Amino acid sequence: MSRKDIRQFVLPVLFLIFVLLVWQLADYMFEIKRIILPSPLEIAEESWKKLDDLMKATFVTGLAALSGFAISICLGVTLALLFSISKLAKQSIYPYMILLQTVPIVAIAPLVIIWFGGGLSSVVVIVTVISIFPVVTNVTTGLTTVDVGLTELMHLYQASRSDLLFKLKLPNAVPYLLSGARISSGLTIVGAVVGEYMAGHDIDSRGLGYFIFMSNQNFQVEVLYASILLSTLLGILMVGLTALVGKTILSRWAYPLHQG
Amino acid sequence: MDYAVYYKSRWPEISSSHTVQIAKLVKNIIELSSLNVTLGKSDILRDLSLQIPAAQWCSIVGPSGCGKSTLLRALAGLIEGTAEKNVTDFKTPAFVFQDPTLMPWRTVRDNVVLPLELKGSGDGRRPRIDMPSIQETIESVGLNSEDLFKFPRQLSGGMRMRVSMARALVTKPDILFMDEPFAALDELLRQQLNQLIHEICQTQRLTTLFVTHNVSEAVYLSDRILVMNFEGTIVSDLEISLPPQRTPELRGSALYISQVNEVTLRLQEAMQ
Chain A
1 MSRKDIRQFV LPVLFLIFVL LVWQLADYMF EIKRIILPSP LEIAEESWKK LDDLMKATFV
61 TGLAALSGFA ISICLGVTLA LLFSISKLAK QSIYPYMILL QTVPIVAIAP LVIIWFGGGL
121 SSVVVIVTVI SIFPVVTNVT TGLTTVDVGL TELMHLYQAS RSDLLFKLKL PNAVPYLLSG
181 ARISSGLTIV GAVVGEYMAG HDIDSRGLGY FIFMSNQNFQ VEVLYASILL STLLGILMVG
241 LTALVGKTIL SRWAYPLHQG
Chain B
1001 MDYAVYYKSR WPEISSSHTV QIAKLVKNII ELSSLNVTLG KSDILRDLSL QIPAAQWCSI
1061 VGPSGCGKST LLRALAGLIE GTAEKNVTDF KTPAFVFQDP TLMPWRTVRD NVVLPLELKG
1121 SGDGRRPRID MPSIQETIES VGLNSEDLFK FPRQLSGGMR MRVSMARALV TKPDILFMDE
1181 PFAALDELLR QQLNQLIHEI CQTQRLTTLF VTHNVSEAVY LSDRILVMNF EGTIVSDLEI
1241 SLPPQRTPEL RGSALYISQV NEVTLRLQEA MQ
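So the protein lines, in turn, are chains A and B. In terms of my numbering, the first sequence has 220 at position 220, counting the first letter as 1, and numbering is strictly consecutive. Quick note: to get my numbering, add 1000 to the position in the second sequence (first position is 1).
These aren't lab readings, by the way, just hints derived from the structure by calculation. Misleading hints may appear alongside valid ones.
These stretches of chain B come out as covered by chain A in the derived footprint (C-beta under 8 Å, 3 or more residues) [claimed, not checked]:
1) 1027 to 1039
2) 1073 to 1086
Okay, derived cross-link-like pairs now, DSS-like style, lysine-lysine, Cα gap no bigger than 27 Å in a straight line [stated by the list, open to error]:
3) A:Lys247 x B:Lys1150
4) B:Lys1041 x A:Lys90
5) B:Lys1091 x B:Lys1150
Computed far set for chain B versus chain A, every beta-carbon distance over 10 Å [unchecked claim]:
6) Thr1101
7) Met1103
8) Thr1171
9) Gln1204
10) Glu1231
11) Asn1261
Treat the numbers as computed from the prediction; the structure is a model and nothing was measured. Note that CB positions come from ideal geometry on N, CA and C, so glycine has one too.
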């Protein structure tokens, strides 16, 4: 690590410690009510007591997010393939794909629960709905914006349709898929928490969203804070892992990550 | 065109009686009359007629936007046009684009091999890839065997262009189309690569169609130069009478300079 890297890492950590100290000190000096703002120590203490439950919830949320993410990628790539093959399908369906992105997930969630019941499956569906669009739009772009010269080259050597797909279009779409996945990965945790908040109340699949809901109802403010922190960390982990996988694969490709 | 004279000038070691005989046997590799190409709503090529004999290096010059590249693509079969007569006698065309047009996800070796993979896949057989011959092609364009497993991004612009040349030559083509291939490179490197590709085409007796906007380059390399105008048709068809082996000293010769001037003059006429 160079000096610059150390500064980039150390300074934010120092700032965090500073904020926590001020927070703890303010709590001590002004005697802020627990219900409004618990002190960092109180949060830590309460979280430690409920560590098992919280860890299990984090695991459940992570699993729901990952499952939805996997479905998003498979389904998204399939749809993008359909759009790249059929102009008719693209022209008639693709505009809705873009429009649907603007519908707030909280508004769709109750519908999903009506259709899929209150449980893990609804949560996974909500994750899929929120995270599929970046995959579809990015991969469609990747499959359809191929270098003109390379297309001409393929035609010159009378490439078959499958050659065009497997040797040109799909490899060309990989960087686009990875940047779409990077956007999606952050959304999966949002989807999972929203889904669990509304539907994930099954006894064996209680995730962080459920904890946020229940702790809010029961005035367990410390658990609420801990859940928020854990879902944020989970989000960072998802984005980080996706970026890492993407970077590893992309080191083969010449392009830097495409901005979707 | 008098082929007997043409082949005599090109291969002086062959006796006169033989060149006459050869000339009788030689066929035009391209015979085209009244070609029209329309892209969108604009006519790019109008009533264009052209004959290209085998083993000739023919360059096409003209102002920007006159349809040089379109003509090249129409001849290679990449663009559809309407023609009174369109007879082509080549089986394995190859194309070198202005950009290296390499697949960034493939190594040098895999980029070079691509045309063979595509040729092999037509009848469902596994592609036959003959490594020694590929090695030979790669070396002929000045690449080393340690470059084989590099990715295009690890290569300089000149090296990428060499890979592009190797990919074109790997199928042992009978006609080579080149669309301003080295325009993005610096002058010295361009001369070097021009020299290289000229020698390869000369030894393989490869028919070459070469689009450029650089007159001195065209004269240095060509047996024949076609000048196009904005109307999308050929206005001058000039034969270049220089010795078949082109060496850098040629650039200083009076003959070379006079022909450069001649072509420049015709080009200026075409631009009016």
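Okay, the hints, checked on the actual structure:
no.	hint	verdict
1	1027 to 1039	violated (count 0)
2	1073 to 1086	holds (count 4)
3	A:Lys247 x B:Lys1150	18 Å, holds
4	B:Lys1041 x A:Lys90	26 Å, holds
5	B:Lys1091 x B:Lys1150	31 Å, violated
6	Thr1101	4 Å, violated
7	Met1103	7 Å, violated
8	Thr1171	8 Å, violated
9	Gln1204	19 Å, holds
10	Glu1231	25 Å, holds
11	Asn1261	34 Å, holds
Of the numbered hints listed earlier, those contradicted by the structure are 1, 5, 6, 7 and 8.
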